[in-house]
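S.K.: Protein chains in written order, with my numbering: chain A, 1 to 280; chain B, 1001 to 1194.
Treat the hints with caution; some may be incorrect.
[Unchecked claim] Straight-line C-alpha distance at most 25 Å; calculated SDA-like pairs for lysine to any residue:
| no. | chain 1 | residue 1 | chain 2 | residue 2 |
| --- | --- | --- | --- | --- |
| 1 | B | K1160 | A | D239 |
| 2 | B | K1154 | A | S269 |
| 3 | B | K1160 | A | E35 |
| 4 | B | K1185 | A | S96 |
| 5 | A | K268 | B | R1157 |
| 6 | B | K1154 | A | C246 |
| 7 | B | K1169 | A | C34 |
[As the list claims (entries may be wrong)] Covered stretches of chain A, as calculated for chain B (at least 3 residues, CB under 8 Å):
| no. | segment |
| --- | --- |
| 8 | 13 to 23 |
| 9 | 37 to 46 |
| 10 | 105 to 115 |
| 11 | 155 to 169 |
| 12 | 183 to 192 |
| 13 | 200 to 210 |
Derived from the structure by calculation, the hints contain no laboratory data.
Where is the CB? At the ideal position from N, CA and C, for every residue including glycine.
Listed below are the residues making up each chain.
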Amino acid sequence: MDIGYYPGCALHGSSNDYGSSVRACLNALGARLCELDDWICCGATAAHSLNHMLALALPSRNLAIAERQGYEELLAPCPMCSMELLKARCALTASSDLREKVSEIVELEVQGKTRVLNLIQILQKIGLDAIKQRAVRTLKEFRPACYYGCLLTRPADTVQFDDCEQPSSMETILCALGAEPVQWNYKTECCGAGMTMADGPTTLELSHKILSNAVAHGANCMVVACPMCHVNLDMKQADIDREYDCRHDLAVYYLSDLVGLALGLDEKSLGIDRHFVVKR
Amino acid sequence: MSGNSHATESDVFSEANVAACYQCGKCSAGCPMAEHMDLLPNQLVRLVQMGRFDRAMRAEAIWKCVSCVTCSTRCPKSVDCAAVLDLLRQAAFEQGKVPPSRRRTLLFQQAFLDNIRRNGRVCELELIGVFKTKAFAKDWDLLKLMEDAPLAPKLMRRRKFHFRGERVKDRGLVKRIFDRCNSIKLDLATSENS
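Please build the complete structure, drawing on both the sequences and the hints.
M.R.: In structure tokens, the structure reads:
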């Protein structure tokens, strides 16, 4: 199965552990990721905060490239990217005037036809049975708190994925592989996302609440599908412990890490050795 | 209403459906940043309904927002509160009305966009360098300048530190996209009765 692939800046930068993980996991499941030619940044929070036309144009350029290359589906494992791509797609499909205007701005015709998928949707597409068939070990020692954060399920009418208040798609996949996800309260609360650099104390506070609730409900690790969530919960965990005088000691995995481990992949090829909090 | 300062159908906020808000406060109840805001999300929507853009634009709250979109998702009247805050941020930025206490957040967003304009993709080290230097030039806060420095060797050890970031091939195109988008400014009604 060939899939158009939009890694986004984070997966090629300091979240390259997620990039390795997604590639290794999906390759093991028989999916080949074909990276878009000369893709550009989606603009993220900065674009939608300061220039709404730019926030539409940057992802539209990538949708246009995907269309030119003939991909009907595009995997964007970063929820910030996938949400921006989907927002642009919705706007483009709703108005022919806008399609014309944006096509001119990005110098390539764009219709907004490409379907944009997150990591969980690709795994669902491959199918639970196919994943289970290839699994060589159980995940029964993992009691993860599955954390969805903001943009996997919001805005609900744009992303149209799972339940925006009580999502359970990650739990379904991990349960099938033997893990025992915990029930907890902060599945869709925000970790502070892209404010890490601009407003550090905010992200520490929000992420501390999330980690504390996961621990209180008996989790022995967390599972995410977002590079920003991982930065705030994993890389910043030592800062959180220092700020709030506690010790969460909670390893944070990407969903593709745990699925990859079940498939028999090693920690190094999944990039788990590049995480900050390591515990097994 | 006399004075015609209320938000109208043709207003940039009409797409966010602000007229439908009946002040139930559900947006603010679910907002993770509400306790740190000078004006709550429902109050900002009300100000926009009344055409009091200037007051809304000068709120610290719009820069405390973390864009989690919980407000829009839970609104029983489908008001896109998150989009309202986006528009307020853009208007405040364009009209130079960002409160001094929140300029650091604006500086970061600007540095982020400048970075993409130059490279087409985010070059993290360059972004952090430019942002930290510009922030330091404003606040002379040495602690903030250096707070993330201890991360550098840890990132290096994890092969997550890139001295040279990636750049797209067609950077001229990226600049042209930016220039075309930057030439389109938000057009808010300027009449105020506040």
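S.K.: Confirm or reject each hint.
M.R.: Against the structure, the hints come out as follows:
no., hint, result
1, K1160/B with D239/A, "holds, 18 Å"
2, K1154/B with S269/A, "holds, 19 Å"
3, K1160/B with E35/A, "holds, 20 Å"
4, K1185/B with S96/A, "holds, 22 Å"
5, K268/A with R1157/B, "holds, 14 Å"
6, K1154/B with C246/A, "holds, 21 Å"
7, K1169/B with C34/A, "holds, 18 Å"
8, 13 to 23, "holds (count 5)"
9, 37 to 46, "holds (count 8)"
10, 105 to 115, "holds (count 3)"
11, 155 to 169, "holds (count 3)"
12, 183 to 192, "holds (count 4)"
13, 200 to 210, "holds (count 3)"
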